[in-house]
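Asks: Spelled out, the chains give:
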Amino acid sequence: MRNRWNIKVEVLGIALAILWLLPFYLMFVNSFKSKKEIFLDTTSPPESWSFDNYITAFQELDFLRTLFNSLLITVISVVLIVLFSAMAAYALSRAKSKMSTFLFFLFVSAMLIPFQSVMIPLVTVFGQFDMLNRGGLIFMYIGFGASLSIFLYHGALNNVPKSLDEAAKIDGANRWQVFWHIIFPILKPITVTVAILNIIWIWNDYLLPSLVINTTGSETIPLKMFFFFGEYTKQWHLALAGLTLAIIPVIIFYFFAQRSIIKGVSDGAVK
Amino acid sequence: MRTKDLSYWLFLAPVLLALGLVVVVPMVLGLFYSFTAWNGIQTGEFVGFQNYINLFTDERFLDSLWFTTKFSVVSVILINFIGLSLALIVTSKIKTSSLLRTTFFMPNLIGGLILGFIWQFIFLKVFASVGEAVGMESLQAWLSTTETGFWGLVILMSWQMAGYIMVIYIAYLEGLPKELIEAAEIDGASTPQRFRYIIFPLVAPAFTVSMFLTLSNTFKLYDQNLSLTAGGPYNSTEMVAMEIFKTAFVQNAFAYAQAKAIIFFLIVAVISLVQVYINKRREVEM
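Chains as they are written, first to last, in the numbering used here: chain A, 1 to 271; chain B, 1001 to 1286.
Because the hints were derived from the structure by calculation, they are not lab data. These numbers come from a predicted model, not from an experiment. We treat Cβ as the ideally placed atom computed from N, Cα and C, and that holds for glycine. Heads up, a few of these hints could be off.
Claimed, not checked - Quick partial rundown of chain A residues pointing at chain B, CB under 8 Å, derived from the structure:
id	residue
1	Trp20
2	Ser48
3	Trp49
4	Asn204
5	Phe229
6	Val270
Claimed, not checked - Within a straight-line C-alpha distance of at most 20 Å, the following computed DMTMM-like cross-link-like pairs (lysine to aspartate or glutamate) qualify:
id	chain 1	residue 1	chain 2	residue 2
7	B	Lys1125	A	Glu47
8	B	Lys1093	B	Glu1182
9	A	Lys35	B	Glu1132
10	A	Lys169	B	Glu1132
Please work from the sequences and hints to get the whole structure.
Replies: This is how it looks when you write it as structure tokens:
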């Protein structure tokens, strides 16, 4: 009885999984077809697996450079968010005072502000100071990413006993050393969570970079994809090859880190 | 470490600087500008509540607000229903559990912009060719009407976010104490009873978390809206975030767009605060 039920559930689950993958399947098979073939049939595999579309898309997207831009922005932003948020959360959790409570409250309330509410003044102010470039973008990511990251680090730090700090201090370490040599390594699990949440967000972000970096050659993948798609909107065979290329790095990342990713996303949402 | 120590401020300096310049200053400036005739360069004269008054007769803004609300309500219900169903499937005793989790979660890692483009292809080309093959008129010309645009967005978001919500429900379902469920089984509780009196109350916090996560995500939607329908046809599927963007950067009505942005902030803030309130109340009860 129980066994038969489980088999039914399993079949249902697999059927749903196939349905979930269908959009990716359709994107993939059609990305190898010619324009005419897509017009005739969108559901079956291509007549021949020709890479012509990919070669064109690769060149038009300036793919290696675009990929490098995305990697550069994401890595630098995430590293800085992790380091600065951990430091800030440490200060807030170790110095219990009205000031710390107020600052923590400030960071948490900043999470309530949707991007669109600050977007217009942000862009005009940074524009006046000539900061609409990659440096400015990374700085903005720190500002927008700090709140949630501090919140997560703060929660984790409350479980790290203060006696650890005291012991290291007696051994002659200063604040800076205590933090980097003793505390930060202990926070590794939450660092993974913070890093993953910020990687997913920054890697996929479109609106902010579209407002901040608009010079040719510095575009990230979503940004370049938007222009590319606009140009090839009537040429689905090229657009789909471009979309497949854009997704490949994410699939590779997911393949190697899926456990940490799912755990990170779940921790970030539940806490 | 104490507040008056230099080290305290040095540890906090980088984030205070970034948050201050990126969030606090623009927020304060934005609030100020929303009461002026600001055009992006000059502050202009002080107009009091005029921008806010104009909002209430701005049909395009009100339509986008209404469309966003409808979209959010329908999506929240569907996403949570599908997400919980998926969680119940993958937490039962099946062999392919981890493979299924991986699959359902995958769309979340890919940006909304790219997902919207993929679905645009499906709705426009695949739906049309399948519709032609099986003779279903209703699969033709998707995204060309308000209604198909609406359901297109709902389908895209449900497909993308259900796996995310699934992960949250899994966290709670797997945290259920097994002894409790077994004890109830021994005491003769039926499956619906066990669900109603034991599983449901223990998973209840997951409902609050998931409801509000989906609500704030769908309410603030921009990327998917842009790539799937771009607000068309005739701006009828334009959501609030996009409407604000266009008011500012297409019509160059900066102060007016900022007033809309402040209203948008108030709505999102109220949604979040209600969530905090409900969570706190539950913690007290437990």
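Asks: All hints, please: hold or fail.
Replies: How the hints compare with the structure:
no. : hint                    : verdict
1   : Trp20                   : holds (5 Å)
2   : Ser48                   : violated (20 Å)
3   : Trp49                   : violated (19 Å)
4   : Asn204                  : holds (3 Å)
5   : Phe229                  : holds (5 Å)
6   : Val270                  : holds (5 Å)
7   : B:Lys1125 <-> A:Glu47   : holds (18 Å)
8   : B:Lys1093 <-> B:Glu1182 : holds (16 Å)
9   : A:Lys35 <-> B:Glu1132   : holds (18 Å)
10  : A:Lys169 <-> B:Glu1132  : violated (75 Å)
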